[in-house]
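J.: Chains A and B, in that order, are what the protein sequence lines are.
The opening position of the first sequence corresponds to residue 0 in numbering that gives the first Met the number 0, with each subsequent residue numbered one higher.
The opening position of the second sequence corresponds to residue 0 in numbering that gives the first Met the number 0, with each subsequent residue numbered one higher.
Don't take every hint at face value.
Said to hold, decoys possible - BS3-like cross-link-like pairs, simulated, lysine-lysine; straight-line CA separation at most 27 Å:
(1) A:174 to A:85
(2) B:158 to B:22
(3) B:99 to B:158
(4) B:279 to B:150
(5) A:115 to B:150
(6) B:279 to A:289
(7) B:158 to A:117
(8) B:357 to A:117
(9) A:174 to A:21
(10) B:279 to A:115
Hint data in this document are derived by calculation from the structure and do not stem from the laboratory.
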Amino acid sequence: MTASQASAPRKRTPRKNRRWTKRSRRNLVTGLLFITPWIIGFLAFTFYPMVSSLYTSFTIYHVRAPSEWVGLANYQEMLADRRFWKALYNTFYMVIFAVPLMLFGSFLCAVLLNLKLKGQSFYRLVYFLPSIIPLVASTILWVWLFNTNNGLINVALGHLGIDGPSWLTDPQWSKPALIIMGLWGMGSTIIIYLSGLQDVPASLLEAAELDGASWWQRLWHVTIPMVSPITLFNLILGVIAMFQYFTQAYIFAGAQSSTAASGGRVLGAPLDSTLFYSVYLYHKAFINLKFGYASAMAWVLFIIIMICTIVLLRFSERWTYYGEEA
Amino acid sequence: MAETMAANQIAASQARSSRRMRKLLERTLGYTAATMIGFFFIFPVIWMFFTAFKSDQDVFRFPPTLLPHAVQYVDVAGERLPLYTVSPPDGEPRKLAMVKVSEGQGTYVNPDDPSEVFQTRARYAEPVLTVQFQWHNFVDAMNRGARPGLKVNFWTYFKNSSIIAFFTIIGTLFSCSLAAYGFARIHWPGRDVVFILVLSTMMLPFQVTMIPLFLFFTETLHWGNTFLPIIVPSFFANAFDIFLLRQFFRGIPEEMLDAARADGASEFRVFWSIVLPLSKPVLATIAIFTFLWAWNDFLGPLLYLNSPEKFTLALGLQDYQGQRNVAWNQLMAASVVFTMPVMIAFFFAQRTFIEGIKLTGSKG
Chain A
0 MTASQASAPR
10 KRTPRKNRRW
20 TKRSRRNLVT
30 GLLFITPWII
40 GFLAFTFYPM
50 VSSLYTSFTI
60 YHVRAPSEWV
70 GLANYQEMLA
80 DRRFWKALYN
90 TFYMVIFAVP
100 LMLFGSFLCA
110 VLLNLKLKGQ
120 SFYRLVYFLP
130 SIIPLVASTI
140 LWVWLFNTNN
150 GLINVALGHL
160 GIDGPSWLTD
170 PQWSKPALII
180 MGLWGMGSTI
190 IIYLSGLQDV
200 PASLLEAAEL
210 DGASWWQRLW
220 HVTIPMVSPI
230 TLFNLILGVI
240 AMFQYFTQAY
250 IFAGAQSSTA
260 ASGGRVLGAP
270 LDSTLFYSVY
280 LYHKAFINLK
290 FGYASAMAWV
300 LFIIIMICTI
310 VLLRFSERWT
320 YYGEEA
Chain B
0 MAETMAANQI
10 AASQARSSRR
20 MRKLLERTLG
30 YTAATMIGFF
40 FIFPVIWMFF
50 TAFKSDQDVF
60 RFPPTLLPHA
70 VQYVDVAGER
80 LPLYTVSPPD
90 GEPRKLAMVK
100 VSEGQGTYVN
110 PDDPSEVFQT
120 RARYAEPVLT
130 VQFQWHNFVD
140 AMNRGARPGL
150 KVNFWTYFKN
160 SSIIAFFTII
170 GTLFSCSLAA
180 YGFARIHWPG
190 RDVVFILVLS
200 TMMLPFQVTM
210 IPLFLFFTET
220 LHWGNTFLPI
230 IVPSFFANAF
240 DIFLLRQFFR
250 GIPEEMLDAA
260 RADGASEFRV
270 FWSIVLPLSK
280 PVLATIAIFT
290 FLWAWNDFLG
300 PLLYLNSPEK
310 FTLALGLQDY
320 QGQRNVAWNQ
330 LMAASVVFTM
340 PVMIAFFFAQ
350 RTFIEGIKLT
360 GSKG
């Protein structure tokens, strides 16, 4: 959209042998001085850790001894690690079910908000409000709402004559519970969609209406293609975020351990059903202190995210619409 | 002829009214759906709020009610006794104060006339519940905290979160605006290539750098259990805020900067006294979002802070939840306190919030 045009390089008169004029040399020094904070940050907090973590992924870390080079052993171990595959499965479950559901849900909410109902700004406030509650607080709130016996959800289901499941202790229901909670906190996606809907030219919709297109046809043939770049953006961000899903699962697991006799936090509880990729990585790194294995997992995660992004961008060419100029 | 005209008119008016009917139906459906979905969003928030005011018994009362209820107490001859509705099978229900219950047999007195004593099976008596807000939950929650033995309470966590948020905002604003100016307003060779590098760092998942950073901060610099590993990186700019600021800086007319440069102002002076004052809206947006991010952050504090006196609110709340016998009313009260600063920021700067989110969305 507008931003992508702006970030394209400015038109400059092409000079084949650009001389290093005094001015451009001075500008180089000033420019580099201005971006010094970023350069230091990049080297210290991005570049060095990347190289280091790649190296670490080929080693076994010892707390009191130098780490030991093991080649691809960590990666091979991953292939045979059943909990690794379980974590990957759980993560893909969320990517495949939660992300599209959340996109669909937020689009639906944005369409409702865009109906120009009276009190629109009030509705917008209400839809947005949950997403500003700090994640730890809102997850704890949902643990309370999902309480099997007298949590609000099961009491409400009971009024409808439904015997609510044990959301937090039944491995079949823990992920759906997380998805419901995710749907509740998607306010910012709704706002992004809403601003996209407001940018759909009214003239296009009116023209379609004059041609006899129904509300549904206008939505399907005009609005949805017009907001498709936003869908792509939200989809990619959603997938990336889901691969790094951590805090909510960590808090959910805490609800388990507080009832467990052993005490302490059992990550992934119940029965590894909330053991997501990033949760397992954290567990391997900071509880088992297997920094080598965890680094290897991090690089595999990076590669998976890259592949997913590339695939989504490739396939998006078929269904995204970037206006006439593209 | 006249007949067909009349028929046409009728048909037209029928079409009009059917269209009006459809519009009305659409609106009604729209309101119904919007309101129902609105309930899904708002009700848990309200529930959190009211749970924070419930008494310890009321939290686990079944079926739960929205409003906090507690047993009503009456003063009977200088003693505070709970009020019960006593309805024996062979008599009228009466409101009596309970004196004692032993072996299923209850002793009750008339609160207006303490000499009138009444005995019956305790199961015929139901406590009289009235709506009562337990304000002291907030005081208890904040004062008690997670680790009573350590003189640590939620105020400690609140203070820690505030310190981290404050310095993170300062660091982010300072470093990102400097860097963004370098990318937006100074033409230096190689700038666009470096900027692509900046943007590409946004693709990197935190997990990749997490472990080396942890070892670097804790083993090399010995910054474990301090706020430094969380605060210091914010002083070295992040790609996302550089991008937002650069977009804004590019919109400032070149003539304004050139005028200052012609007067002999240094580039830093141009940045400091012309560009920054003009950029207040976007700086406010970034300040608010950085606050939100720092206030919410869980993984950073989880990695680096391990003694309760250093915990942030996010960490303290989680620690509290992980203990056995959770007091849900106090946990909700602490959550409300945790959420309050964000809510206040949101209500004062609603427009900034909404615009900021649109800004992030439109960068696609």
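J.: If a hint holds in the structure, say so; if it doesn't, say that too.
T.: Hints versus structure:
1. Under the criterion of a C-alpha separation no larger than 27 Å, the hint pairing residue 174 of chain A with residue 85 of chain A is consistent with the structure, at around 13 Å.
2. The suggested pairing of residue 158 of chain B with residue 22 of chain B is violated, with an alpha-carbon distance near 54 Å, which exceeds 27 Å.
3. Taking the CA atoms of residue 99 of chain B and residue 158 of chain B, the gap is near 46 Å; set against the 27 Å cutoff, the hint is violated.
4. With a C-alpha separation of about 41 Å, the suggested pairing of residue 279 of chain B with residue 150 of chain B is violated against the 27 Å cut-off.
5. For the given pair, residue 115 of chain A sits about 53 Å from residue 150 of chain B by alpha-carbon distance, which is inconsistent with the 27 Å threshold.
6. For a cut-off of 27 Å, the pair hint linking residue 279 of chain B to residue 289 of chain A is broken: about 46 Å separates their Cα positions.
7. Note on residue 158 of chain B and residue 117 of chain A: the hinted pairing is violated, with a Cα-Cα distance of about 42 Å set against a maximum of 27 Å.
8. Only pairs whose Cα atoms come within 27 Å are accepted, and residue 357 of chain B paired with residue 117 of chain A is accepted, the gap being roughly 22 Å.
9. The suggested pairing of residue 174 of chain A with residue 21 of chain A is violated, with an alpha-carbon distance near 62 Å, which exceeds 27 Å.
10. As the CA atoms of residue 279 of chain B and residue 115 of chain A are separated by approximately 31 Å, the hinted pair breaks the 27 Å bound.
Checked against the numbered hints above, the structure violates hints 2, 3, 4, 5, 6, 7, 9 and 10; every other hint is satisfied.
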